[in-house]
Amino acid sequence: MVERLLILSAVLFCIGLYGALSRRHVIAVLISVEIMFNAVNIALVAFSRYITPAALRATGEVNEAAVRSLLAGQTFALFVIVVAAAEVALGLALVIAMVRRKDTTDISEASLMRR
Amino acid sequence: MDNLFQEIAFWSLAVVTVGGALAVLRTQNMFRAALMLVVSFAGVAGIFALINAEFLAVVQILIYGGGVAVLVIFAVMVTRDVTEGNRNTRTQPFALLVAAGLFVTLAFAIVKAEWNVLPDDLPGPLADVFVDTPAALGDLLLSEYVLPFEIAGVVLLAAVVGALSLVRER
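Residue numbers (the numbering used here), protein chains in the order written: chain F, 6 to 120; chain L, 68 to 237.
Among the hints, erroneous ones may be present.
Claimed, not checked - Pair ranges (Cβ atoms, derived): (1) L:Val106 / F:Val85: 17 to 25 Å; (2) L:Thr94 / F:Arg105: 22 to 30 Å; (3) L:Val82 / F:Ala70: 32 to 40 Å; (4) F:Arg105 / L:Gln73: 48 to 56 Å; (5) F:Arg9 / L:Ser210: 29 to 37 Å; (6) F:Arg106 / L:Ala225: 18 to 26 Å; (7) L:Gln95 / F:Arg106: 22 to 30 Å.
Unchecked claim - Cβ-to-Cβ under 8 Å is the rule here; a few derived chain L residues that face chain F: (8) Leu89; (9) Ala100; (10) Leu102.
Treat the hints as calculated values from the structure; they're not laboratory data. Backbone N, C-alpha and C fix where the C-beta goes; we use that ideal spot for every residue, glycine too.
Whole structure, please, built from the sequences with the hints as guidance.
Okay, structure coming up:
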């Protein structure tokens, strides 16, 4: 189960990477980055559910640390979602600022930070 | 029976997720691309629900399917070139090469690696964690990860202030 979840995550990540590198429209690039974030989240949650935590592997006994580290992946995924939300808000503000100043959505035009 | 259901659910969700992501790349219309993105996000939420991450599945629908999608659609509507803006740059063959190469490498590593998989019949306290993940997650966020949790709030505030100052009319 863990392998195919990770393969799914790799497929999504590569689709996102291809989109982010090849698209011309800024919003398309942002959307592709969001797909990559989602791929990473799938991998994190899959690790959280299916991989033995180091604390459990080392001692073999079920203690407090093992129980707590079992959900570390899901917590990380939650923080990734928070950062992605902040990123998309800022990114779209940048897109709108760019359209106002240069009247274009072509990412190749955004090579300079001044007018 | 339970296993068969899981198989069917996983493969249909995987098809929806990857199909949505591919449709985002295929379509020329940016508005449709944004809608296809929502389909892909919903598929990811289903996969989260399938592997005992119920809280993340709900968060995924709320934040990605709701917030991010609405933001993207608004941004698409205020920009130009909506119907035929999704063209490729000159680096497209190079991008395809990089993405394909990365996928082959990742797939090779995933198949070859020896995963330390959890046993199917988890010992009591471990199985309890997956019965009630939202409670365990909330407990973790306010104990072990309280500092990142607070910093996440500051990051969001900074992002909102930054976004407002970027789009402000002068």
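Results of checking the hints against the structure:
no., hint, in the structure
1, L:Val106 / F:Val85: 17 to 25 Å, "holds, 21 Å"
2, L:Thr94 / F:Arg105: 22 to 30 Å, "holds, 26 Å"
3, L:Val82 / F:Ala70: 32 to 40 Å, "holds, 39 Å"
4, F:Arg105 / L:Gln73: 48 to 56 Å, "holds, 49 Å"
5, F:Arg9 / L:Ser210: 29 to 37 Å, "holds, 33 Å"
6, F:Arg106 / L:Ala225: 18 to 26 Å, "holds, 23 Å"
7, L:Gln95 / F:Arg106: 22 to 30 Å, "holds, 26 Å"
8, Leu89, "holds, 6 Å"
9, Ala100, "holds, 6 Å"
10, Leu102, "violated, 11 Å"
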